[in-house]
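Asks: Protein chains in written order, with my numbering: chain A, 10 to 364; chain B, 10 to 364; chain C, 10 to 364; chain D, 10 to 364; chain E, 10 to 364.
It cannot be assumed that every hint is accurate.
Which copy is meant is left open, because identical chains are indistinguishable; a pair holds if it fits in one copy or across any two.
Derived EDC-like pairs: lysine to aspartate or glutamate, alpha-carbon spacing no greater than 20 Å straight-line [claimed, not checked]: (1) Lys362 <-> Glu219; (2) Lys359 <-> Asp215; (3) Lys177 <-> Glu43; (4) Lys228 <-> Asp290; (5) Lys258 <-> Asp117; (6) Lys228 <-> Glu276; (7) Lys233 <-> Glu198.
Hints were generated in silico from the structure; no laboratory data involved.
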Amino acid sequence: MPKKRIYHSKKKIGQIPGSLIYTGERSKEKLFIETFDYTKEFCVEKELQTIEESFEYKNTDSVTWINLNGLNHVDQIEALGNHYDIHPLVLEDVVNISQRPKIDDHEDYLFIVLKMLYYDDNQHIVSEQVSFILGKNYVLSFQESEGDVFDAVRDRLRHAKGRVRTLKSDYLLYVLIDAIVDHYFSVIEILGDKIEDFETAIFAGDVDGEISQKIQDLKREILKVRRAIFPLREVISRIEKNESPLINKKTITYYRDIYDHLIHVSENIDIYREMIWSLMDMYMTSISNKMNEVMKVLTIMASIFIPLTFIAGIYGMNFEYIPELQYKYAYFILWGVMIVLFIGMLFYFKRKKWL
Amino acid sequence: MPKKRIYHSKKKIGQIPGSLIYTGERSKEKLFIETFDYTKEFCVEKELQTIEESFEYKNTDSVTWINLNGLNHVDQIEALGNHYDIHPLVLEDVVNISQRPKIDDHEDYLFIVLKMLYYDDNQHIVSEQVSFILGKNYVLSFQESEGDVFDAVRDRLRHAKGRVRTLKSDYLLYVLIDAIVDHYFSVIEILGDKIEDFETAIFAGDVDGEISQKIQDLKREILKVRRAIFPLREVISRIEKNESPLINKKTITYYRDIYDHLIHVSENIDIYREMIWSLMDMYMTSISNKMNEVMKVLTIMASIFIPLTFIAGIYGMNFEYIPELQYKYAYFILWGVMIVLFIGMLFYFKRKKWL
Amino acid sequence: MPKKRIYHSKKKIGQIPGSLIYTGERSKEKLFIETFDYTKEFCVEKELQTIEESFEYKNTDSVTWINLNGLNHVDQIEALGNHYDIHPLVLEDVVNISQRPKIDDHEDYLFIVLKMLYYDDNQHIVSEQVSFILGKNYVLSFQESEGDVFDAVRDRLRHAKGRVRTLKSDYLLYVLIDAIVDHYFSVIEILGDKIEDFETAIFAGDVDGEISQKIQDLKREILKVRRAIFPLREVISRIEKNESPLINKKTITYYRDIYDHLIHVSENIDIYREMIWSLMDMYMTSISNKMNEVMKVLTIMASIFIPLTFIAGIYGMNFEYIPELQYKYAYFILWGVMIVLFIGMLFYFKRKKWL
Amino acid sequence: MPKKRIYHSKKKIGQIPGSLIYTGERSKEKLFIETFDYTKEFCVEKELQTIEESFEYKNTDSVTWINLNGLNHVDQIEALGNHYDIHPLVLEDVVNISQRPKIDDHEDYLFIVLKMLYYDDNQHIVSEQVSFILGKNYVLSFQESEGDVFDAVRDRLRHAKGRVRTLKSDYLLYVLIDAIVDHYFSVIEILGDKIEDFETAIFAGDVDGEISQKIQDLKREILKVRRAIFPLREVISRIEKNESPLINKKTITYYRDIYDHLIHVSENIDIYREMIWSLMDMYMTSISNKMNEVMKVLTIMASIFIPLTFIAGIYGMNFEYIPELQYKYAYFILWGVMIVLFIGMLFYFKRKKWL
Amino acid sequence: MPKKRIYHSKKKIGQIPGSLIYTGERSKEKLFIETFDYTKEFCVEKELQTIEESFEYKNTDSVTWINLNGLNHVDQIEALGNHYDIHPLVLEDVVNISQRPKIDDHEDYLFIVLKMLYYDDNQHIVSEQVSFILGKNYVLSFQESEGDVFDAVRDRLRHAKGRVRTLKSDYLLYVLIDAIVDHYFSVIEILGDKIEDFETAIFAGDVDGEISQKIQDLKREILKVRRAIFPLREVISRIEKNESPLINKKTITYYRDIYDHLIHVSENIDIYREMIWSLMDMYMTSISNKMNEVMKVLTIMASIFIPLTFIAGIYGMNFEYIPELQYKYAYFILWGVMIVLFIGMLFYFKRKKWL
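So here's chain A without its partners, still in its complex pose:
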């Protein structure tokens, strides 16, 4: 199994600060841009070829969501950034995928980075960086590659479900972040299942030598999830307490709801962490128990047959005068003695609960 490194190679060492360099591994991603422009009354959804097509929405009163997939297309990102007057350092952070979840308040807009978590087809956890820029009446979102957890949001926008169409860009941002955080629940559900599968396997003794490797892998997964989720609590908590005019008072209640979810997820992660540490203990005891069992078999076999073999050896000696050898029934008597010894031994081990 090829191992994924938990760090990203720092391609930027020695680079001039402020230069836009995509640091991820998906350098051949196709560019995918979509826009939703809506008010309570209408909602226009488009798929764009180049980012320039989205520039018309900037000065409208409607709320605009521009979603760009493919961080390798740095020129497009730069163009969009320049159009919306985004600071170069922010754009640098957008394409540098080794960011921790964080929030930067740039007066005209908020910059939020977080991690989307999901399991890929090989059941490896994938952490994809998603950046949001929240402006007065727009939300820009940047993803590494196509495919995300926002389909329910798109659906609500299209069909005006819930309140999303009636509220402003701050509520749209909430809905998007909420979709990501909701998805964390399915991730930790899978983590929980994995832990229980290990538990069941260890208790059933159904373990091969690879289990400790798998447990180590699971530990690493949990560390990865922790790193994505724990700093996000701080981010959301800062939105809550933020006096930014970009977030309406009413919407803050919803962000508090996300915060509650994150606390809930975090608690579960810490529980899993504790449980996985004790899994290792369990595994050790299961190994020791097995060895105990092996030793018992050996001890029982040896303790029973070595003395019997000794007795047989005695009467295999060639001394000229061994009186027992002449008795006619000596052989059968000896068998009797041996059987008694054998049964006595069995009783002894039975009483010791080794059998």
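Please build the complex by placing chains B, C, D and E on the supplied structure of chain A, with the hints as guidance.
Replies: Below, chains B, C, D and E alone, put in the same frame as chain A:
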């Protein structure tokens, strides 16, 4: 043994925020509504068919306690909520049973969520969510299913025992929370008993391979109890320090009493946690001790009989000229030598304290 | 050995708050009341039959110490409490022996609960609750049963040793608490001795299977002592910082001295705790070392004699043509070979340091 | 392998405070001094023989970077310090290489100490102390020996890449620190590789007895890196929050960037630390697994052949009357019995999954 | 080896507060008093018989250092204390050697207690209490016994080296504390050496059964050092931040230097602590590795020779008709078979890397 997952399946992923969806597993619970309406002078107890029957109590001066069991009946909860002007997000939290204990101050009323803990018939711990809404002269309580720890409270209301009938709704809330917290004591008492039973079993060597699984289960129970109780301390502490006009100054002393109880319970939980971690250590040493014992039996048997068998083997050789074979008493002398060896070995092992 | 539970059965579940119920196990204690009434000039010591006899001291200028033993006599405590105008909740705490050390400031008096620790005759640690009520010119003290650590204090009062007779009730309280805290030193001294005895026993290999049980018991003792002492630091620190007019500025220096003692004791407890955790490690290594030794004996015996037995077996075969069997000195040559092998093996194990 | 002590011998014990004594081990380093003097328009780079040649730059408006390698040349450092009016205690800290990363604000200049980390040719981590003194228009830097991570910076200065030439000395300091912090990433990358190599080796069972020594060495490396990096976070955070007029508001954003990098590196270090602790656990289980395997081979061999040998021993006895011996096919029947026993045993061990 | 208790027997239990009782074990120490009285111009050094001889220095302008060794001479200490108007509680602390490092500000003087650490001839760490009283122009120091780390200070005083003669008593105190703290470095250097010696010994497998005892002793030493040094950081930090007029602003920089040293030492101690915990792990793995090796030898010997012995046993049977026995070369063929088996086994174990 079927394992209970420690998370609840998040049925709400992708749902519109604010929608009332019961997230628990008891979706077929019968609706059970009871009301207590009392002043110092009288106390009227009723069992209702529909929530509408309780609406008459809203504008009276008497204190009203409406207790609703069956969170799956979201329509009834919504009706009650609307009648008392409760925010939809609060109602959403009432029916979403994966809440952490928390308190929300909504000016006109306080919303408090906590967990009722008890052991079911299979000795599995059950954590049932109970929500309280405390208003000026009413307390609304919501439980997942019928059956609770409030019987003593009902009795006191009916027979005007203690001060509950003479005081306001804030004291009623105290009495109800106190009943739940009092019950925590019996839960941790059972936890304590379980830990001691394990200890006794491990020390007596009376353990089967399942003990590590049981210890893991116990760890999980303790984590569950921790999760229910620890955030509650924060909740009660916020009531204490709260300037809410709904809580009288005099009643705060009583809440401080609950707080003391919770600290007491928390300390015990942490002690149990530490003890259960060291239980695992004990178990490991007991396994090692057992293996030691097994090894000693093997070593003693082998060390005694292998050399003797060797000697017997010597005189079983067919060399034409082995002088000893001709001596008449050689066989008996050899027996003597062997018995001396045997006893010598026993002494050796005795001195090594292996016997 | 009968095990003591670390929790007290919560007899109060479902009881009305404010009711005086003794929760301890010593329900048959004899009532014992003594009073010391003193000024610089005189000191009157009395032993009373009923609490009413003490009521005369209330309105005098002299300092009065009323010491009541036997918390099961709730009526006497209630009478005393009413006479001195003590709040019912305070009296409830006096007789509820599962209190954590705490201080409550009730303006007219301070209420302080702490734990007296000592070892009983079976070398089990006993934690007895002592409550103090400090008023303007009186100290009330409540103990579960007769017998305490205050004899030196009584002596000083009687013979006007030190400054106790020249100062007020706040200094008396200091002297009493100091006596209790001083006694903690002998408790941790015994704990220290026990730990060292275990160390010595483990290092000497002089351990039986019960040692891990005893270590677990010791852990529990340390947890018990911790629970008694750690919250007391907070209590004393609050007296120090307290602006209560009941404590003179000058006396505060003395309380700071107690605080220093408590820090000292706490540090020792934490050190013991760390040491006892590593004791378990030591025990594990000692078990492993023993097993190693057992295995070596087995391996040496088996490795030496199994090959030799094989050789003997060879010449015990009945093939018609085994040339060696005919040589006259073959038997002696074989003995030589075997002895060489034997010595070679010994050398080999010697070089491996297994002998 | 020669072990490096993690402390430096404190040559200074008993010395008069304020005396300049180099405490490192590279006491024969050649002196190397270089200067960069630049404005937006020009950049003059020089290599000096003595520090006096650099004195001309003090009172110019251009930014001057004086980089001195060879802390053993205390006289040169003292001369430079006196010329720039640096406090003797600061100079003492410059040459005392056992400093923790720290920042001291001396109004006219900031003094910053940090550690440059790199792997030497033997793959041992080297921690070299670098001190910076930031003045109004100069940066003094002091290194233990020639060779550093500043080549990219020099290049940017020479060719006016990026913004370094257009900004002041505070930006130059940022660029220099950034170069050092960037290099931390390659250090932790190597650490991560080492950990994974150990994991792979342990999982592959490809471990020799030295692995635990190597793990211990790795732990020490991580501790060393931790000690260099963790206090630096505090240093940078203090620059950020600093109101020092030497740091422009605009440059602070860049320092925040360094801070983010340091948090990132710190998190990785803590993850590595956790992983290396669990590596030890893995190693233990792998040892136990191996022992289990060894025991199984022994048990299978012994359990199969000891009973068979016993049977052979039976018919090697010399009793005069053993009926079986006379049957013609007895020998072959016995072989059959033995083979059946042998196969039965194999099945038994197969079913137990020992084979 | 006699074990030193880590607590001191509390001789003071039940004593009247404020009484001067020496609590240490060196009750037969000789009294040794020396005085240094100096200004920039002169320095008078004397050795006194009784403390009264030092009283002449009190009202001079010169700085006086009175150093008293032998805390058992409580009368001399009391006399000195009374002469300099020191509070009785301070004197009590001077002779009670179980103090934690602390500082008390008594307006006219500062009282500082700390611990001098050194290794005695048996390589046991010794912690000796040193108390300082810093007045306007005097420093009083109290040590348990003669012999200290102040020789370099005395030398500097005598020969007016450094700045000590030109500055006031606060600088003298700094120099004295600095001498003690400097000595901590050699203590932790020895600790570091010990840990490395253990590591080397464990890795070389050169361990006897006593190593775990020695590691436990080392843990205790580290705890002792921790207890002496960690609270001292707080003490020095309070001097730094202290607004006491007894400490000049200029001198505070020097105290900050001590603080830096203490942080440095503390970090090393924590590293040692972590390393010693993992030493125990290493030791466990080394034991397990050894057992593995023992088991392999046993398994190889048994697996090879038990089957061979079985074969020999077969042809030692006395059946009348065993065809092989009659073939002339059967014996040699059997030898061939056995040798093939033997070599096959060796190959098998070789391939399993057990050889």
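Asks: A separate judgement is required for each hint: does it hold in the structure or not?
Replies: Status of each hint after checking the structure:
no.	hint	in the structure
1	Lys362 <-> Glu219	between (32 Å within a copy, 16 Å between copies)
2	Lys359 <-> Asp215	between (27 Å within a copy, 14 Å between copies)
3	Lys177 <-> Glu43	within (19 Å within a copy, 43 Å between copies)
4	Lys228 <-> Asp290	both (14 Å within a copy, 13 Å between copies)
5	Lys258 <-> Asp117	both (18 Å within a copy, 19 Å between copies)
6	Lys228 <-> Glu276	both (16 Å within a copy, 15 Å between copies)
7	Lys233 <-> Glu198	both (15 Å within a copy, 16 Å between copies)
Taken one by one, the earlier hints all hold for this structure without exception.
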